[in-house]
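Work out the full structure: start from the sequences and follow the hints.
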Amino acid sequence: TQLMDINTKRLIPMCFSSEDYLRVCDDEFRKMVELGADGILFDESLHHTPALLCFDESHGHRYGAPVYANDRKLIQNFHRISDPVNADFLFAGEANYDWEMDTYHLSYHRSESKQHIPLSRYMLPEGLFMTAVTGFNDRNMVNQCLLFNYVISYEPYNFKGHLDDYPLTMAYGTKMDALRAELRDYFWDGEFRHEVGAKVTSESKPHQPFAVFINAKNGKSGVVVANYDEIKTITVQIALDNGETLNRYRLVEDADWQSSANGIVIPPQSAAVVIE
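My numbering puts the first residue of the sequence shown at 3, with every later residue one more than the last.
It cannot be assumed that every hint is accurate.
[As the list claims (entries may be wrong)] Here are the computed lysine-lysine pairs in the DSS-like style, where the Cα-Cα straight-line distance is at most 30 Å:
hint, residue 1, residue 2
1, Lys116, Lys207
2, Lys177, Lys219
3, Lys162, Lys201
4, Lys33, Lys75
5, Lys162, Lys234
6, Lys222, Lys116
7, Lys201, Lys234
8, Lys116, Lys201
9, Lys162, Lys116
10, Lys222, Lys201
11, Lys234, Lys219
12, Lys75, Lys116
13, Lys162, Lys177
14, Lys207, Lys162
The hints are simulated quantities; they were obtained by calculation from the structure and are not laboratory data.
Here the structure is a predicted model, which means the values were calculated and not measured.
Printed below as a string of structure tokens:
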């Protein structure tokens, strides 16, 4: 029957509204801190599988209590344990929903799609979000990280490998992070606007993906444009809604700045940053 999805007995997490169980969690988490861990990633922190309510009043809550009610309290308790030992202890969760980001520092997700829409970035423009980069020459996922201000999670063989298993991805990712650090006022600390404030065209047709950022210090616009195509080189033009001109650009893999007067030339699976 389990092959027919009947009576599969899927995992139901323990009830976080039980103070007794929260104390057990505290004791187990304290062991991680004592071992010297720098942080945790709570896998599937975003849900309680099919459970919505808990009806066990012996936990100390009312009959039919919402099981999501103490999702933040669990991590708040952990903070009280880790903060005195390591104020920089990192709390990361998988695809955290908005309320959870009050207590987690970072949300991890997987967004390997050319049609990915950065809804979490819309929800929390200044939040820390990390996405998986798994391919052996995964330039487009690195480009996505630049576009949407994501931290790269390097995952060769889906956590089963080593960083030197995919040197091409590592080399390109390192160049992207160096570029983002160099222009961090735009593309790390800047305000993410996605497609608001600019129009990008190629061969007189709208082009995607691109993202507009507002420099955190001087308020100027910068734009990231990616070419997800695996074969074709493209030339794009950018028009800012405010009428200002972005006059120079550079590619992730090429540190030389070029004039954008005759268009921005982007090779396959590459990305350009364009500024005034």
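Item to complete: Could you tell me which of the numbered hints above are not met by this structure, giving the numbers in increasing order?
Response: 3, 5, 11, 12, 14
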